[in-house]
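Protein chains: 2
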Amino acid sequence: MPRLARYLRLLHRLEKEDTTRVSSRELADRLGANAAQIRKDLSYFGEFGVRGVGYDVRFLIGELSRCLGIDREWTMVIVGAGQLGTALARYRGFAEEGFKCVGVFDRADGSAGKEINGLVVRPADEMADFIRDNEIPIVVLAVPAEAAAEVAAQAIEAGVKGILNFAPVRLSPAPGVFIHQLDLSTELMVISFYLSG
Amino acid sequence: MPRLARYLRLLHRLEKEDTTRVSSRELADRLGANAAQIRKDLSYFGEFGVRGVGYDVRFLIGELSRCLGIDREWTMVIVGAGQLGTALARYRGFAEEGFKCVGVFDRADGSAGKEINGLVVRPADEMADFIRDNEIPIVVLAVPAEAAAEVAAQAIEAGVKGILNFAPVRLSPAPGVFIHQLDLSTELMVISFYLSG
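Residue numbers (this note's numbering), protein chains in the order written: chain A, 946 to 1142; chain B, 946 to 1142.
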């Protein structure tokens, strides 16, 4: 999956450069990847690479976007409006890929009432109703570790289908809900692990 | 590696709860993981699990920390002091794991001069000398995609050994340098991919 996202990113850049066709070899060169792997990955979407002619950039963008589920707009809410939550709410990259933040929540005695990117931060106890009323599929958790499990349970109960969790704590799995854990410190440990090895 | 980081996090929590010994089964239960996998992972560090007695929590913390390279303090600099870079510079989780941000850089016509967490943001053209003079091993890139390759090249030239790159662009590999790519939008696509499938 991350490979598909990388191909898509490169294809968008090629489109900006007015490139209409690209070969698997060019893709491989620009990505520092293996041309055979790229051909294999892209073959899942059917035979749209033509030997000697390459892939149609715009067509491939459409196919990959559909596969990655970003041919549509996703609404999401961010819970936790501390430094990280605020940065996430302001992060332009999400909207560019079709992930639209429509609500930010924080504790009533925290950042609730503050405005971020044109959104007024709502008190956390309004989250569940908001998710239910607006059929929000995705919640991003930027709350402290202690709060994550309870917020996640409320969000799942209210109907979210996907959780991106930045809190440094493992959430319990729930049927029909995809939970993706992203702990920033662990990402740095990937580096210290290699530098120490 | 991410598994080891998870074990370590749980062990820290157990230590706070004054637990001195823990079995692989208890670890498995708390992590929602497989006890056999945990025993296998931990066996790399030698035979410190005793059947029926379990692991010594404090000892295991020491071993895992050493393995993950966080039994020491790492200095790092953050380049890019926009929303994301500022959030990263303020993120307490890094320092808690021994990753100390000692410098933040931004364009002279950007956020240079601003203060974040007691650090004055320096102009980006001072980055290379700062890395060299202070023998900084890790740089975190929170710059726009267009700037990432050049900043990375300068940092590598100045001697960094690890790069955590938040810019949505693949960096060229360099010998002796570990590059870890983390694109926040791609992390959301992991979710949309599953929700669309």
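To be clear, the hints were calculated from the coordinates, so they are not data collected in a lab.
One thing to keep in mind: the hints can contain errors.
Note that the list lumps identical chains together, so a pair holds whenever it fits in one copy or between two copies.
Result set (SDA-like, lysine to any residue): computed pairs, CA atoms no more than 25 Å apart in a straight line [as the list claims (entries may be wrong)]:
#, residue 1, residue 2
1, K985, F1075
2, K961, S1117
3, K985, R1003
4, K985, A1098
5, K985, A1073
Since this is a predicted model, take the numbers as computed values, not measurements.
Now the hints, each set against the structure:
1. Proximity of K985 to F1075 under the C-alpha cut-off of 25 Å is found in neither arrangement, the shortest distances being 42 Å within a copy and 44 Å between copies.
2. Proximity of K961 to S1117 under the C-alpha cut-off of 25 Å is restricted to the inter-copy arrangement: shortest distance 21 Å between copies versus 42 Å within a copy.
3. For a Cα distance limit of 25 Å, the shortest separation of K985 from R1003 inside one copy, 19 Å, qualifies, whereas the shortest one across copies, 47 Å, does not.
4. For the homomeric pair K985 and A1098, neither the shortest alpha-carbon distance inside one copy (39 Å) nor that between copies (31 Å) is at most 25 Å.
5. Taking identical chains as interchangeable, the C-alpha atoms of K985 and A1073 are never at most 25 Å apart, the minima being 43 Å within one chain and 41 Å between chains.
The structure fails hints 1, 4 and 5 (numbered hints given earlier, in ascending order).
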